[in-house]
Amino acid sequence: MGDDSDIIKHERIVFVTVGTTCFDALVRALDSPEVKRELFKKGYTHLLIQIGRGSYIPTKTNGEDGCVAVDYFTFSSSIAERLRSASLVISHAGSGSIFETLRLGKPLIVVVNEDLMDNHQSELAEELAERKHLFCARPQTLYNTIKDMSLETLIPYDPGDGRPVAKLINRYLGFPED
Amino acid sequence: MEKGFDKWTSDMGPSVYIFLVGSIIGIIVMRVLYVIYRSSKPLRIVSPKPLSTLIVLGSGGHTAEMISLLSVLQEDRFSPRFYIAAATDNMSLQKARVFEDSLAGKGVVVVNAQFMQIYRSREVGQSYLTSVGTTLVAIAHALWIMIKLRPQVLLCNGPGTCVPLCVIAFVFKVLGIRWSSTFYVESIARVRKLSLSGLLLYKLHMADQFFVQWPQLRRKYPRAHYVGCLM
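Top to bottom, those sequences are chains A and B. Here the first sequence stands for residues 1 to 178, numbered as in our numbering. Here the second sequence stands for residues 1 to 231, numbered as in our numbering.
One should not assume that every hint holds.
Said to hold, decoys possible - Listed below are several chain B residues computed to face chain A (Cβ distance under 8 Å; list not exhaustive):
hint, residue
1, P50
2, A64
3, D76
4, A113
5, F115
6, W179
7, V185
8, L199
9, K203
10, L204
11, Q209
12, F211
13, P215
14, V227
15, M231
What the hints contain is simulated information worked out from the structure, not anything from laboratory work. Where is the CB? At the ideal position from N, CA and C, for every residue including glycine.
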């Protein structure tokens, strides 16, 4: 069967997360032969999809015929471990998922859900894409984004913090400067 | 004498009542303008004491951003802390508990933080007709909570649950029940447009300090403070 550590060393996992939402359009786009083959061509071995509240169930495969192996689950209390072991992350446009991924320094494709009523989420994804911290796509354009993406063009995201806010709050309330 | 008063009011007719009502409205408007003016300036306190703080959490990225802010505030200045989340939000209070536990680890003296839930005005997808009823329930619940807690500081970053609480806090200031400072940080997900909560609180001048995380919003809303990204 081979050494387990060899298999793990050669694993390049694409982890997909939709948070607590339902994003069937994304899961469906990922479950297509073209996307799976393109990911394999780019050197990825596994596609792990967190489908959240979605109703579309992807087909689990072992990954033969020049294709990635596909697996899925619905929820997990913390996806931090999954993000850490991923070589590429594909995420819905929720700010929590986006920043958790960027802070880990992982290459990220954000897919905007066009079925959402109030799509303010796309503002954040587009702004960060403009700043080259991630790639932004829609379910229909996911295949082309994967095909054309070059990870070297991504600029690492420098995490922010609440210190400027804290400073102003403290000053307003009359607390001495730290 | 009474006959004279009655004659006077019946002679004047409705004018007396219009004058009385007008005066009351005038006084309220002056008071509101004064509260807004005072709130735009920092508190004038010589040696500040710890302030009771209401922290409004929300699903999605809201709670994570709030925790990011809380972790750089000195906890002994904002004490006791009351965390509040919508009744249907399962994760936020849990995250807040984890955060408070981590404070105990740092040797901070933790006055027991409180965690509570509030009814939501409207669930996603709820019909607007039933929303009228649930909004009234939410407002009543918010009033109950605010009367109990009367916090001195409110920290919010966007979820709809914060609007009734902030409005009630403002009314308490106008009525002299409790002076408080409301700090509103617009969510990091809002780059070009404010959320509905943010827009309401900004236009009504109900936040003492209004913070935005992206420069585009600072240009559109000049009274906001640009503080960069929290995450």
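Hint-by-hint comparison with the structure:
1. P50: 10 Å, violated
2. A64: 5 Å, holds
3. D76: Violated: closest Cβ of chain A sits about 10 Å from D76 (chain B), beyond 8 Å.
4. A113: 18 Å, violated
5. F115: This interface hint is violated because 19 Å lies over the 8 Å limit.
6. W179: Nearest chain A Cβ about 12 Å off; hint violated.
7. V185: Holds: closest Cβ of chain A sits about 6 Å from V185 (chain B), inside 8 Å.
8. L199: 12 Å, violated
9. K203: 18 Å, violated
10. L204: Not OK, violated: L204 (chain B) not within 8 Å of chain A, min 19 Å.
11. Q209: 6 Å, holds
12. F211: 6 Å, holds
13. P215: Constraint on P215 (chain B) not satisfied, violated at 10 Å.
14. V227: 4 Å, holds
15. M231: 4 Å, holds
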